[in-house]
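Just so you know, we're using UniProt numbering here: the sequence shown kicks off at 1 and counts up by one.
Derived from the structure by calculation, the hints contain no laboratory data. Quantities reported herein were computed from a predicted structural model and do not represent experimental measurements. Hints may be right or wrong, so weigh each one.
Pairwise CB distance ranges, derived in the manner of DEER restraints [what the hints assert, rightly or not]:
(1) Asp275 to Glu60: 38 to 46 Å
(2) Glu99 to Glu46: 35 to 43 Å
(3) Ala157 to Gly45: 39 to 47 Å
(4) Glu68 to Pro30: 31 to 39 Å
All C-beta atoms in this analysis are idealised placements derived from N, C-alpha and C, irrespective of residue type, glycine included.
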Amino acid sequence: MGPERDEDIAAWVRSLGLDGLVDLHLHFLPERMLVKVWAYFDRIGERTGYDWPIQYRVPEDERVALLESFGVLRYAPLAYPHKPGMAEWLNGWLREFAERVPAAVPTATLYPEPSAATYVVRALQAGARCFKAHVQVGAYDPRDELLDPAWGALAEAGVPVVVHAGHGPERGPHTGLDVFGEVLKKHPRLTAVLAHAGMPEYDEAIALVERYPRVHLDTTMVGVPFTEALMPLPPNWTDRLAGIADRVVLGTDFPNIPYSYATQLRAVAGWAADDRLGDDFLRAVLHDTPAKLLNL
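Sequences are here, hints too, so could you generate the full structure?
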């Protein structure tokens, strides 16, 4: 049923016949940005009524070493802007991070601004294998016409974009899978990964996966006790997963999670206990499907 402790992860992964994990949704940021992100979570209780103690509040080199100790072979370090002019700078930082951290794949981000199409194409040409779009933090409308050519370029390239479009953990002015659904209607070939499985709009997220052949879900914070107390999964969750088993990918939100990395893996392993899923599903989620999306 999954590893009890972080120290057990690597052996558990090997027991599945895998060399390691591929995590499509975790975060590395420039230090001054990360400090602000952690401060946001430190204060989230004032607005939501629940605390969010960061589990892995350690220096960058220690976070890299922790992932290696867990047996995470490759990962997509995601970053995101909250105002114009940030995305291109972040893309440069992410490119440098991937150059100095072998396990990290090159990633990039975007924001609705006149230069978006230019720097998205430039990032693709430089080898970016995954993008991040954070509708909640960015507080932007993903349907903004300034993003149209960027979505089109990503769809044509077949490069995945992890999209935080759901209302969790806090609603934004343009969150909601109905909103992002309009982007997919216009760009149906977009390889979109719905972060947090669209939390809390799980049914709507699965409906988008069923409608669009390149849409996936990630497991980030899904099904863990912390989230189940706030935004629980529907009772027929594994019924729904059985029909889209090849389009679910591992994501964790490391290091910004209020529980251990092993906790997320136990949640995914719990779904695999359904006979319609099983170890084949686990291997696909933990390695094969994200590796395919990242073109590893």
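Hint check results:
The hint said 38 to 46 Å for the Cβ distance between Asp275 and Glu60, and at roughly 42 Å that hint holds. A C-beta distance of roughly 39 Å is found between Glu99 and Glu46, which places it inside the suggested range of 35 to 43 Å. For Ala157 and Gly45, the hinted distance range of 39 to 47 Å is satisfied, since their beta carbons lie about 40 Å from each other. Judged by the Cβ atoms, the range 31 to 39 Å given for Glu68 and Pro30 is violated: they are separated by roughly 21 Å.
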